[in-house]
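A.B. asks: Given next are the chains, with one letter for each unit.
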Amino acid sequence: MTAAAGQDLRIVTSRFEVEDGHTMAGYERTGGYAGLRRALEMAPAEVHGEVRAASLLGRGGAGFPAGVKWGFCPPGVWPRYLVVNGDESEPGTYKDRLLMERDPHQLIEGCLIACYALGLSQCFLYVRGEMAHAQERLASALNEAYEAGYVGRNVLGADDFSVDITLHWGAGAYIVGEETALIESLEGSRGMPRLKPPYFPASIGLYGKPTIVNNVETLANLPWIVSNGGAAFAAMGAETSTGTRVFAVSGHVVSPGVFEVPFGTTTFRDIIFDPRYAGGLHPGRNLKTFIPGGASAPWFFEEHLDIPLEKATVDKAGSMLGSGAIVVMDNTTDVVKACHNVVRFFARESCGKCTPCREGTSWLEKILSRILAGQGRPQDLDLLMDVCDNISPGIHWPPRQTTICPLGPSAVSPIASALERFRGEFEAYLPGTAVSVSTKSEVAS
Amino acid sequence: MSESETVVNITVNGQAVEAVPGEWVIAAAERAGVYIPHFCYHPRMNSVGMCRMCIVDIDAGRGPALQPSCMVAVSEGMVVDTTSEQTRKAQDGVLEFLLLNHPLDCPVCDKGGECPLQDQTMAYGPGESRFIEEKRHFEKPIPVNDLVYLDRERCILCDRCTRFADEVAGDPLITFQDRGDQTQVNTFPDLPFSSYFSGNTVQICPVGALTAVPYRFKARPWDLTEVESTYPNPMGDRVVVQASRDQVLRYQGVDSDAVNWGWLTDKDRFSFEANASELRLRSPLVRGTPLGRPDPGGSELVETSWRQALTQAAHTIRAAVEGKGPQSVAVLGGARLTNEDQYVWARLAKGVIGTDHVDAQLDDGLPADAVLGLPRATINRACTPGGTVILMAPDPKEEQGTLYLRLRHAVVSDGVQLIELTPRASALSHLAAHRLHHRPGEAAAVAAALVGGDIDAGPDGEIGGVPAEALAAAAAALAERADQPITVILGRTSLAEAAGPTVEAAAELMKLAKLLAAGSRPGIAFLPALHRGNVLGALDMGLAPGLLPGRVTLADGGSALAELWGSVPAASGADARGILKAAADGEIDVLILLGADPLGDVPDRKAAESALDRVDTVIASDLFLHQSAAQADIVLPAAGFGERRGTHTNMEGRITRERQVVTPPGTARADWAIASELARLLDAEFGFASPEEVWGEIVRAAPSHRNLSLEAIDTETDGVVAADSSITFSPTEDVTSVPHFDAYSLRLVSSRRMYDRGTLVQHAPSLAGLANAAVLAVNPYDFQRVGVDPGTEVQVVSHVGEMSVPVAAASGVPRGTAVLGFNHPDLDVRVLIDPDAVVTDLRIQTG
Amino acid sequence: MARLSPANLMVAHEIIGRYPVPRSALIPLLHLAQEQDGYVAEDSMAHIAELVGVTPAEVMGTCSFYEMLKRAPVGDYMVNICHGISCHLLGASELIHHAESILGVKSGRTTEDGKITLEAVECIAACTEAPCLQVNYRYRNRVTAEDFDQLVGELRAGSAGVAPHGNLAKVRQHVSEDRWAGVSPPDGQGEPPWMTRNPSDDGVGS
Ligand SMILES: Cc1cc2nc3c(=O)[nH]c(=O)nc-3n(C[C@H](O)[C@H](O)[C@H](O)COP(=O)(O)O)c2cc1C
Ligand code: SF4
Ligand code: FES
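Chains A, B and C are the protein sequences, given in the same order. Numbering-wise, this note's numbering comes out as the position in the first sequence, counting from 1, plus 741. Numbering-wise, this note's numbering comes out as the position in the second sequence, counting from 1, plus 2. Numbering-wise, this note's numbering comes out as the position in the third sequence, counting from 1, plus 832.
Worth flagging that the hints you see were computed from the coordinates, not collected in a lab. There could be a bad hint or two in this list.
Unchecked claim - Quick look at which bits of chain B chain A covers, simulated, 3 or more residues with Cβ under 8 angstroms:
{"#": "1", "stretch": "52-66"}
{"#": "2", "stretch": "87-93"}
{"#": "3", "stretch": "131-144"}
{"#": "4", "stretch": "182-194"}
{"#": "5", "stretch": "479-485"}
Source: prediction; values computed, not measured. Ideal placement from N, C-alpha and C gives every residue a C-beta, glycine not left out.
Take these sequences, add in the hints, and give me the full structure.
C.D. replies: Here it is as structure tokens:
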């Protein structure tokens, strides 16, 4: 089972242990919809001001401050829409689903607050297709909320505030998590990203209108922020990474789980090794590497453990917190296979729009498959790096790209990380190199 | 951006370039002579930035970064570097990626030799492939429709064909399917890419993935000779005509900014097959015995020499003139010829023979004074962003394909508001801001209400079948945009209806000119949408009763021209229908058909039949032995498009060059030469040795064409528009009275479809089978009223005839109206049309 | 095989009514078709094309982009074993091998009895519960070989409590007419009325 552990203040997972927290009764009993009521007493701009003050970073991956993004809507252009990104599909990422299943009303309340603050006249809640249970919980909660007068015509009796929330499911495509692809998908098209600029959703989004796309967790924070004030939120965590954040720690740890921790102050070592969280590695195992923020992130190693879970610091160290997915690999890991696994993911999920991503990721995957099948050639390792370089020139962080969206360049991260650190393990797969993988692993222990 | 800003200064590879605000970097660079390689970018479609070939270093103030130049707009101070190390590496990389799964069999590929991918690879590509994995496999080429094959293995997924289908043609019947490296272009199963414009996808495909059945494997690009020319259709589409071994093999659209933007209809694009047909006339024919001996009373058409055929023709003409006078000779047709051909025939008919019974339109157009007397619009004017177009013409998609594409773009992308004033929906209806679908014959009342603004609807709340609210809304919309150009596309919306109501409606709309005269408003202008290639040239050259070359009437210009020509007709003649009636009455002894098939084409079929039966001598100059030519006494094989030189005049009055690339079949000759020779045999020596010399005389003879030298025409990329006209449109005051509509009938509307029984279509094997099945289309609500079920075969009866035809439901047909195609290969609607009535009513016989 | 049934057509209209632009309802309608037939039949696509005003080819373009939308019949139960990185680390490959040998089919295939379609799928957002799988998009966490065998037994016996393929959420969104505020079409909308609300006295600052 998943435990949202720790004695620290929990914001978005506070109702996870409340049996009926997902129902209207349970939600209202535990203080639900207080944030919305509070918001309606304020002017929309004031609500926006609180979110700005909270300096709430987007929780979907890019980590852009929500309050700032909201400010990018061009003035005077109506209607504006809200699109909730509940497509959670980045390997290792597991939090939005829980937030939707266990506390759907909190998300709905967050949506209403955002709509109120920005004049968003309709909200689309885009839930990943494969999440049947989350869809059910949200549908029930929405039906309840409509009937109770929280959503729809004249919210809470206000004659000037009406907003609809349309529940929408995806149908299986990781790329649709990218916000412009999400919009394409919501328009009934193939989920292929649009070029930014000019298609920044806040200015040209759904149906060409200003659109705010926010992650589930981002929005789920709003009720608390409005109830307690942005300053209280900003007081938590580190300077640029405020509040709390939900991380999923998976892979080779004793107690994998989803943890809401103070943002910015907790370290990787804490969350991986602290018994309150993932509880460390299995006895006798050593840390080989870990992915700090979802499959797209460059890998971290032993030496990165004391870095705090803080956006700017992690960025500077050459990776990202991304979607809050920490995947731990111990010394039993075959990194070539792990690397292939992640690359295969991106190859399978490329939307096919950009030549370098469509052709390049599947080429990388084929080369790695061939290496794993024992048919690698010595020049393949350099070839891998050069193909990577043609997708993401310079193999830089943050990545430069020859593509429209960062999916293609994401396939570069695992290869660059693994090949640089564990080149020997790749070489071991090349015919004529009779070294077994497990003994050859260059573990920094 | 301040409004006064009209140039944006950027630097491309160190060179200062003045760019247009909003322009893409790739376009600005290209104008400055810097070519940026690309595959998906196409200047006539929205950028998608997906091939990534055009990425270059662009520094818009935050340091150079690789950006797709096809989707980044220029900005002041921008620095573009297309040669940086980073750019080169990235472009090489993209090229390598594109080639991974692309077959490397250029020598057998249809695109080999004209393939941007091949060119790029030769220029920049890596020598050897680093890709040793298995290539992607798809089933070999699949037909996407009857004309186009798709080889998905060659496809580089540039989105051009699919974007064209969606954005340009509005026929999104081919789409991307599947995802990632499995993405492919395809149709829905069993639902082909039925588009009138599918050939354009072949032209814009940057690789050999799409091929056209009529061209596949016919030639190698390096074997082709080509000329730039004008396709002889009323749009005057600019084309490149390509030939090999004296045979035309392909037409490619030319991106003319003023006209067709590079597009062609499939009908025109593949019509070259007809020109190459075995059935083309190759030598003159005259009546003779079954054994092939010429004999004027003979039952067969037998081959003969030009000398004999023309001598015989001259002889009969002379005899007729000497017998009953010049007006016993009549000329029908000529709209398919070049201006030069038309001019010489006009001079022969009017200046030498002396007859004014001359008409290039076959009773399916509009009176010449309306066409030449109304202020003329250009296509670009009609498409001015924010302007208004009033469509009072047959469906442009069916008759003027590339105009349809231009209008569609104008409405979809440039905010042109479209008002339909037609008796039925067109392919543009769903884009129209206002649809005023009136009862057949009642356009004038609707136009009057639209202009006058006083909408005095009768007790049933409608005018001419159009609800008063709809009219009021359209009138308001028209008024609201009165500061922008208003353009009327004017044509015959139905051939089951007399021309009168259309002309009257045009007269009503002309009243807007006065209303808008204040200030500097652009006002109203008309774009004639008439049938047949160079019909506007024919009117300009005087191939119409009462007209002389240069848009002058016989009355006004006769004396001036008589100096050049020697004489002009003494009196005005009859139009096509009048000519046929006169012929049927025995008043015409010689009927000259210039590429005209009255039996097939004129709405009054009976008149055509009696005329051909009665006339002593029929002389036909044509490409094919169609129905009417087969009844002729003297048949003269003429040169067709690609086989002749001259000029063409499009609906705007735009004059461009038609050029020759192959020799005519057999001994076929250009019409100007035929007419000149005939004139010589009638003792009139014109002295023309070339079409250029003919043009030299046109410039002197035709007031509207003064100063339009060939040099002047050639210096302009898009030709020159002849604008002057001394003809005034003076409609008669009396209003056609339309019979009362009775509730048990359906009022007939008949217009052409793109694929019909036309000579070229029927002689192009790839096109001949493309016509849709003939159906009588009726509003779904009318089925109950008339008591039949959709899909059933019914007997329809009019005042003059009856026929059996299947009925189908069509929501675009207003209630009380029935639509049946004109000139359909399977049935002849003319059986039902009463040519003497204003409208034709039908009854469906039930039980 | 089929167009949407009259009952589903009603649902379809309700769904379309929740979007400002009908085409936006495409994916939900494709799910509805899949719920009806277990897969998305070509006739359904053509029907949906009519309903939202696009061509069948456009529907196909969208439908074929998304992995969950099956264009040919599959088993009653889609058993999707996750082989994302977290599950991979905790034995997904072994589980998939086991499943293939137990079911006698390679992943991507349907068992002979038509009951089960096995697929190896990308991360399904249950990474801390690796290795995991979904049966018709219902989770099974930390699945052992024994768990798997038991699951297959239940599925074959029909006692797993999982609805046949195509049925996703058991609850649909339904809004009564008097609660629905109305869609916001992209054109012709002004500033929402609440945006001009004045700051209340106690709402200023924080
Ligand atoms: C390939 C790709 C996949 C993404 N997937 C998700 C996702 O599943 N969920 C999500 O919230 N954001 C995802 N994002 C990020 C979104 O584009 C977007 O930044 C985010 O939804 C914005 O919300 P936030 O500002 O609240 O974080 C993805 C981005 C990319 C490039
Ligand atoms: S980078 Fe890949 S996923 Fe992103 S838009 Fe391009 S092709 Fe699609
Ligand atoms: S031409 Fe710019 S991306 Fe294809």
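A.B. asks: May I ask which of the numbered hints given earlier this structure violates, with the numbers listed in increasing order?
C.D. replies: Hint 5 is the one this structure does not satisfy, whereas the remaining hints hold.
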